[in-house]
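J.: As a plain string of letters, each chain reads:
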Amino acid sequence: MSPRARRILRFLTRRVAQAAVLLVCIATLDFLLLHAAPGDAADAIAGEAGTADPGYIANLRRQLGLDQPLPIQLGRYLWRLVQGDFGYSFRYGQTVASLILDRMPATLLLMGAAILFAVGTGIVLGTLSARFANSWLDRAVMLLALFFYATPLFWFGLMSIVLFGVHLGWLPTGGIYDVARRATGLAFIVDVARHLVLPAVTQSCFFLAIYTRLVRTSMLEAYGADYVRFARAKGIGEVRIALRHVLRNSLTPLVTMVGLNLGALFGGAVLTETVFSWPGIGRLMYDAVFQRDVNLLLSILVLSSVMVILANLVVDMLYAALTPAVELR
Amino acid sequence: MSRRRGRLYGRLPIVLGGAIVVVLAAMALGAGLLFPEDPMAMVAQPLLWPGQDPAFPLGTDSLGRDIAAGIVHGARASLAVGILSSITSLLLGTTLGALAGHFGARVDDALMRLCELFQAIPQFMLVIVLLVIFRPTLATVIGALAVVSWPPIARLVRAEFIVLREREFVQSCRVIGMSEARIMLTQILPNALPVIIVGATIMVASAILMEAALSFLGLGDPNVLTWGAMIGMGRDQLREAWFVVVVPGSALLITALGLNLLGEGLNDVLNPRRMVPR
Amino acid sequence: MVRGMGSARLSRRAALGGVAAASAIGRIPWTQASQRGGTLVMTIIPEPPSMVSAFNTAAPLTVVSPKLLEGLVTYDAQLSPQPKLATGWTIAPDGLSINFTLRQGVHWHDGRDFTSADVSFTLLNLIRKLHPRGRSTFAALTDVETPDAHTAVLRFSRPSPAVMSALSGSESPILPKHIYEIGDPLTNPANNAPIGTGPFRFVEWKRGNFIALERNPAYWDTGKPNLDRLVVKTYNDATARSAAFETGELQLASTTPVPLADIERFRKNPAFVVTDKGDEMNNSMDLMGFNFRRGPLGKVEVRQALRQAINFDAMVRTVWYGMAMKIASPVPPVVPQFHNAALTAPPFSLAQANQALDKAGYPRGADNIRFRLTLDVPTISDVYQREAEFLRQTFRQVGVETEIRISDVPSYLRRVFGEYDFDLCIMPGSATNDPTVGLQRYYWSKAANKGVPLVNAWGYADAEMDQVLEGAAVEVDAAKRKALFQRFQEIAMRDLPILPLGMPLNITIASAKLHDFMTSGEGIRDPLADAWLQA
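Residue numbers (the working numbering), protein chains in the order written: chain U, 1 to 329; chain D, 1 to 278; chain E, 1 to 535.
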């Protein structure tokens, strides 16, 4: 094995070990936090049922294992987690794993579309902005970016539903596909795409602003570099310069940023999923807090942490790969 | 000619951003003078449009409360949340980041792991869980926001301290026998300040927006009127009386815009590293 | 506010006119005959946690469950029992047994026959043991005899007149023995994919998205249901629902599905039908509880003074846009067989309230405040917050400073009912159509049980009240029972452990193309067997 490969292996082992410890800490912290919240799942279910029977509640607590002392509950949970068993959600009457699998695709679709849109638009706007720096176009784009960065997401979402969904009637007002008309094949894809437009654009606002500015900044730095002046001297066209030389340079920080954003996949989707009734994990997680559905919430939080840690790991490795000066410790 | 124009354009963000922030601060401080009554008092017919009644220039909400009073008092509440949570977060983040960046090794490792711990939990969800545990009041909202916002500042400050600790002026201070604490406080920190300041303005804006989102979801302090609470309670009138949502929403937008402009402008002035083509 | 007042007057008149007068939408004869076919898209708020209302009585469950599962009886517009799975019944004069004749030719969705064994198993093993309310309602049920496949005899250890009011498909659905006798009923997968006898069969459930049901071709009521498919779609946001109605995506929803401010627009639009009927079997009210253990609140004069300080007309206008009923007693007028019409509310008077508080020994201090209270509110809906706001303003005018504390449901339940750590609290309470089933738990001293939510937590105990409630629970004579409940209401409003704030109208919006969607007294819980869509 080459020394580089050995170094990478050592790096990976170290990081995975750290990640494992981190996950246990996260799971424990989340568990303690959830139990610090007043009331438990039995209270939530009883409140929902609108009822009042001591026997019913005692039964419920026993069923949920809530009558055990805290350390035992934590121990049981961690032990099951290590074996890959996410537990059972009493409120939904399903295993947590099946619930997550059910709702995960919707969130992935939403965030994926949002980030793709943000990256694409960010590159276009950032490039334009950098190319015509300090012109009215640049200022306009920067102002637009600022606007998207500063706008309250939920407000933007609501207003777009009212405008595009109701007044103009161009797009659906909620959900992921039209359940009354069960479209199949291509029609289904088109249906989902139509439903995806508003939520994805709303979700992407924030990222769009960041990516635009990021691309602009790094491209501006690149424009000042020697090799660009050299290319210009050689007579290579502006567009080619922009696309082949300058843009490629900006991709590194952009990819880094996207990687970090991907890690925060779930938490950011809560508001969008609520406003657009998008059946994703974000909303599931949010509801689980108010139902004190410890199994469900812990599992989603742990899963989310795994994604963040993974994303950080990938970004670090990518960064090291692209910038040989940085060593993997 | 073009250079002068360049200078003016260059200063625009600070000027505009600064103006917005000043107006906001004035509203927040003068709220008691401008609108001495309790902004949550139901004083008029509900859902008056702006301009319908000269006594209520921005109209009234669904409970008959003066929206203009709400905006001005809300400025105070929103700014308080934004500033106080940011200060707490800054203190925490700066201290931890400085220690980690300056002393490196184990301290650094520990801090990085702590940062990862906090950043691995989805920010918004952590805030919600904290508010559920401690019941939403202005104090708990500020605390919860501070708790989730410190990691980015800590990383930023750490990076600055790592770079600065190797500089010659720091070495020379060590040679003359200055204590590490004095070096950090009097030598390095002032040099890291520009980065911190820019980070701070962005942070205030984010805190204000996050508070709005929390109020929208019903997790704000019910005894204090903030812009987010106004939007949340006006959500039901979106179709019929959209101004109830648009007015505080615009206030939020302008505030966040102003703070970000200010941050950008300060960044340009304090960290002039940008290059411009030709 | 003119708009609000108009609708308030109209709906109040209609509501007080009695359920019979404003009878279910379906009773109005349509000139067209019903049509077969079509898919109905409805929504339930919030999405139900499961689909069988035998183990969880959360409101959304009681709406979706009856589409697939049925009870022994249904109820007509006067809330009298009508045949469903039982075609006839005889109540013994001593009240200790009820003999049900069951319907023939009924099949479960999986093809098996429905028999008395299913009734026996459900009532004895499921409803009596595991149903949140059923445990109390059927507490005296000792056995269900099944002399033949279509006869079931319920035997009681003491008369339980409330049982005949609790046999609808949403309250006590009959479940298949062959499915539930295996394993733990509470974790049986059939809870999320029910097998019942009802007009619709389960197809699939994509959580957070929709529930798909299809027509049951072997339904015992031949020719029904008219609809081919029924889809229950999930929407999280009231504005989104409003938009969905207007684009035709949504055709039916209850429990005031759109923002109150939008209702007027729907009323004026001929493409929609808006009604506030349909919740007469549930009657959800907003109540304010007083904690007797906290100083001033222990004195009835203080509680009555606070009541008198509230301008209920203004409250209905402001909080509910006029879409609520003022109620002078915990049994609302839409339950005419028990409602005490003689009770009236004392007139709104800030002066009298102030005087009463002075006399009770709580003069205003130097800061103009008599005493401070906290008001606990659960995060169930924005309306609660508005109520709290209104009350805070009101109480301030009589020198009582109120701090509002909002918490999510489990925290709220734990604090109020688990720790008794509250002064005032706002909560929802269902009066149902029988006070023994719905209201007793809030007033009966023996129902007080620290740690159990939604029972008497006020520290209230009155000997006569206990006597009246216990008597009414076992009284078989209808006239005597009514008299007992009249007295119950008098004591309830005299002692005021709970102040009924109002009964929000439960508004249902439907597409004008949908007909016959509320043909029984079950209203919004109608199984939709009769419903049909105009092409």
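To be clear, the hints were calculated from the coordinates, so they are not data collected in a lab. Model, not experiment: these values are computed from the prediction. Honestly, I wouldn't trust all of these hints.
[What the hints assert, rightly or not] Stretch by stretch, here's where chain U covers chain D in the computed footprint (C-beta under 8 Å, at least three residues):
hint : stretch
1    : 43–54
2    : 109–119
3    : 130–144
4    : 203–212
[Unchecked claim] Which chain D residues stay away from chain E? Per the calculated CB distances, all over 12 Å, these:
hint : residue
5    : A19
6    : G32
7    : L91
8    : L99
9    : A159
10   : I197
11   : L219
[Stated by the list, open to error] Taking CB as the label site, the calculated pair distances span:
hint : chain 1 : residue 1 : chain 2 : residue 2 : range
12   : D       : V163      : U       : G112      : 33 to 39 Å
13   : D       : L34       : U       : G65       : 25 to 31 Å
14   : D       : L33       : U       : A193      : 53 to 59 Å
For glycine and all other residues, C-beta sits at the position ideal for the given N, C-alpha and C.
J.: If a hint holds in the structure, say so; if it does not, say that too.
T.: Now the hints, each set against the structure:
1. Counting residues of the stretch 43–54 of chain D whose C-beta lies closer than 8 Å to any C-beta of chain U gives 0; at least three are required, and the coverage claim is violated.
2. Against chain U, the stretch 109–119 of chain D contributes 4 residues with a C-beta closer than 8 Å to a partner C-beta. That satisfies the three-residue criterion, and the hint holds.
3. Coverage of the stretch 130–144 of chain D by chain U holds [criterion: at least 3 residues with CB-CB distance below 8 Å; count 3].
4. Judged by the Cβ-Cβ criterion of 8 Å, the stretch 203–212 of chain D is covered by chain U as claimed, because 3 of its residues qualify and three suffice.
5. With a cut of 12 Å on Cβ distances, A19 (chain D) stays outside the contact zone with chain E, its closest approach being about 34 Å.
6. Chain E leaves G32 (chain D) outside its interface by the beta-carbon criterion, the shortest separation being 18 Å against a cut-off of 12 Å.
7. The claim that L91 (chain D) is not at the interface with chain E holds, since no C-beta of that chain comes within 12 Å of its own (minimum 29 Å).
8. The Cβ of L99 (chain D) lies farther than 12 Å from every Cβ of chain E, with a closest approach of about 37 Å, so its non-interface assignment holds.
9. The beta carbon of A159 (chain D) is kept farther than 12 Å from every beta carbon of chain E, the shortest such distance being approximately 39 Å.
10. Chain E leaves I197 (chain D) outside its interface by the beta-carbon criterion, the shortest separation being 36 Å against a cut-off of 12 Å.
11. Separation of L219 (chain D) from chain E is inadequate, the least Cβ-Cβ distance of about 8 Å not exceeding the 12 Å criterion.
12. Between V163 (chain D) and G112 (chain U) the CB atoms are about 36 Å apart, so this pair conforms to the stated range of 33 to 39 Å.
13. Range check, L34 (chain D) to G65 (chain U): Cβ separation about 56 Å, and the 25 to 31 Å hint is violated.
14. As the Cβ distance of L33 (chain D) to A193 (chain U) is approximately 54 Å, the hint placing it in 53 to 59 Å holds.
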